[in-house]
Every structure is written in structure tokens, then in C-alpha cells.
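Trainee: If you want the building blocks of each chain, they are given just below.
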Amino acid sequence: MIESIVHAINETLQREVFAGVSKLNLFGISSLVHKKVNGKLTTLPAIQEGSDFVYPSPDDGSTLIAYHVIGPRTYENSPKRGYGDQRYIKDTAEMQMIVYANLRVLAKSAVQVQELIAAAMPQSLRSGSGDANVSAQVVLRGAELDALKVFRQQYPNSDFFLSPEDGFFSLRYRITAEYDQRCLKCCL
Amino acid sequence: MSYAPNYCDNELGQHVITPCLTDRELGRVRTGGFIRKNYLETLLTGANDPDVWQDGIDSGDIIVVPDTAGTFDPGEPAELRGYGDRATTNGPRTMSLTFFDPDYKQNYAFYNGISKQSNLVPFYRTSSLVHIFDTVASIDARDPVEDDVESEVVWEVVSTVVSENLPSKHDLTPIASIFNRLNF
Chain A
1 MIESIVHAIN
11 ETLQREVFAG
21 VSKLNLFGIS
31 SLVHKKVNGK
41 LTTLPAIQEG
51 SDFVYPSPDD
61 GSTLIAYHVI
71 GPRTYENSPK
81 RGYGDQRYIK
91 DTAEMQMIVY
101 ANLRVLAKSA
111 VQVQELIAAA
121 MPQSLRSGSG
131 DANVSAQVVL
141 RGAELDALKV
151 FRQQYPNSDF
161 FLSPEDGFFS
171 LRYRITAEYD
181 QRCLKCCL
Chain B
1001 MSYAPNYCDN
1011 ELGQHVITPC
1021 LTDRELGRVR
1031 TGGFIRKNYL
1041 ETLLTGANDP
1051 DVWQDGIDSG
1061 DIIVVPDTAG
1071 TFDPGEPAEL
1081 RGYGDRATTN
1091 GPRTMSLTFF
1101 DPDYKQNYAF
1111 YNGISKQSNL
1121 VPFYRTSSLV
1131 HIFDTVASID
1141 ARDPVEDDVE
1151 SEVVWEVVST
1161 VVSENLPSKH
1171 DLTPIASIFN
1181 RLNF
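First to last, the protein sequences are chains A and B. If you're matching positions, the first sequence starts at 1 in our numbering and goes up one per residue. If you're matching positions, the second sequence starts at 1001 in our numbering and goes up one per residue.
Since the hints were derived computationally from the structure, they do not count as laboratory data. Keep in mind the model is a prediction, meaning the values are calculated, not measured. C-beta atoms are modelled at their ideal positions from N, C-alpha and C, and glycine is treated no differently. Don't take every hint at face value.
Taking lysine-lysine and the DSS-like style, the derived pairs with C-alpha atoms no more than 27 Å apart in a straight line are [what the hints assert, rightly or not]:
id	chain 1	residue 1	chain 2	residue 2
1	B	K1037	A	K90
2	A	K108	A	K35
3	A	K36	A	K23
4	B	K1037	A	K80
5	A	K23	A	K108
6	A	K23	A	K35
A few chain B residues that don't get close to chain A, going by computed Cβ distances all over 12 Å [as the list claims (entries may be wrong)]:
id	residue
7	L1026
8	I1057
9	P1066
10	N1107
11	S1127
12	D1140
13	E1152
14	S1163
Isolated chain A (complex conformation):
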């Protein structure tokens, strides 16, 4: 469910903010992994795409890269009405969107790119289809515009190599969905 919501967010941003931007890479959910890069064991984000893994990096020539990180996820009984024998579940996931932007190509500052993304973030989405079609709310929580902080979080044992035209920031947001568990159990 979270993956399809993240996918829907990416589609919205591609359509409303980055239409016409070349070398745009919007990825799904990442996790930090250890990988040998140039003989050195490095910690870096990895995104699974099918059976392969992609390792986005600010130095791969992209104009803009964005991927998402799942933070704590909580489940609780929803005060909302359930039906039949079930109560609704309230599913809350704290998320981050990590964004790299080539500011020279985009001709914008990091703050401007961050604000454009924040303005275009959808507030409510539907994930999945059929009975797994769950309504979710997306709420912005904050942003970290200190490139060094964000870089150290994503590449903890790499030397900082970004230059002034490399914008690197994160946007925190929360996904909340309330649904009948059976919607996911039977229909995914």
C-alpha cells in the first residue's frame, strides 16, 4: 500500500512540477545498504526495482533524483467506524523524500525546488485498485535544507562531495490511511 502511494506521489510531482525535465529519476522506497564501491565498503541508499537494485547518487549525471525513506510505522485501532466484525486499522507511516537537484540545470535554488515540491504534494490519494483501493492522507511535516546533514544521513561513511550547484535536501511527510484489514489481506 505504501509503495503505491509513493508511486502516486512521484507521478503527481512528475506531472505538475517536473514536466519537461530531462534526466529525471523518481524512485520508490529506499533502504541503506553496505556495498563495496571502488574496493571500499560504503553505506548508501538502495532501491529495489523488480529483481534489481538501483543505487542513486548525486554524481550520476541526473538533473533531479528523488526517492523515499520509510521511518516509523504505527498501527492502531481507528476511532472510525468499522463494518461487520472488524474495526478499521489506522496505519501511519512517517516518511522522508530525499531530493537531489542540479540547480544550475534547473535554474532554481534549493529552497525554490523544495517549495515547488511541497506545494505539489497531494493531500489525499487512493492506493491500489479494486477492494485494495485505500484512501490515504498525506501531510507535510517539515524539510531539512542543510545539504551536509542530509548527505551524512544518506551516505554516512562517504566524504562530502557536493558542490554549490548540487541541491540536496529532504522533505518529511506523513501518510495516514484507515482501512479494513481484510481489504489488504484478500485483495493484494
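We have chain A; now place chain B onto it with these hints.
Mentor: Leaving out everything else, chain B in the frame of chain A:
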């Protein structure tokens, strides 16, 4: 016709005590539905028989709304004149069954037409019992919309039954599969 008050003790069923009070019934109208009046007697005769239920569903004589939320208000008995030493006597009750059906989008035709029906007997389910009324209901279905983007729009169905009898109770266990949404 004069009214004869009922003083017959032999019509009173036995009060049953369960030793450990562990078998409790829990609330919410979890399933709602309707039985066509001409099938009611058949169903009440075989209320624990899943085949009787399934035959009724297949023939359209039973309509099941498998997952609902709602309430049942047994109301108060009508107060009739008392005789002899009795100040009043109890008449029929006006009972109200309300359930909410989240299957909203595709049921306009059904619920728009149900208010015009005069031959439907409601039933409902709680945690382990199915409750069946003994006479037809006056039914109203409505779909209010709240000014809240996070609210749901659902069908609210109110059935009003006037009867001297509360709904009869039937064990859910042998017929539980009948009310599984996935079987429809």
C-alpha cells in the same frame, strides 16, 4: 372486541443461567438484511440450516448486507389501558433497526427502491446471534453527506417494526459462512 389481559404463566419461558458468564453477546449490528414475507416461515423453521438461507439468497427471498455497522433500539411497548389491578398493559413495541452499508456507489437503485417495499422483514447479526423480526418493516434508506473530507458517505438504512415480539434469536455458528462477504 374486548381486550383480555394475558395472565397465563405457562406462556413464560424458563430463565437460563450460564455457570461462568463467559458466553456473552457483543454489540454492533454487524450484518443487516431483509427476508421477503412469503419466505419468513420457511426461514424461521430452518434458521439454523445454511441450505435454507442459501436457497433464500439464491431465489432473491433473502437479501444480505454482509458487513454493516449499526444499532437496534427495541423501543418502548405501547401503553394500553389496564384492567383490574393493573394500571396499564403493554401493547406492541415500535422497534428501530439502523444499519450503515459502506457499499455505497453501486446501490442507488436498490436503496432508492427499498422505501417503497412493504413486504420485507428485517434481520440482523450481532457477535454470535442472528436476530429475525416476525413482521414486515417500514424502511427508509438515506445517504447523508458531512462537511468533512475525511468522512465516508454510506447508506443509512432505518427499519421500523411494530410488533409485540422482540426479534427471535438464532445461533450464528451453523450459518456463519452465509454472511461472509467473499461468498457473494
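Trainee: Which of the listed hints are broken here?
Mentor: 1, 2, 4, 7, 9, 11 and 13
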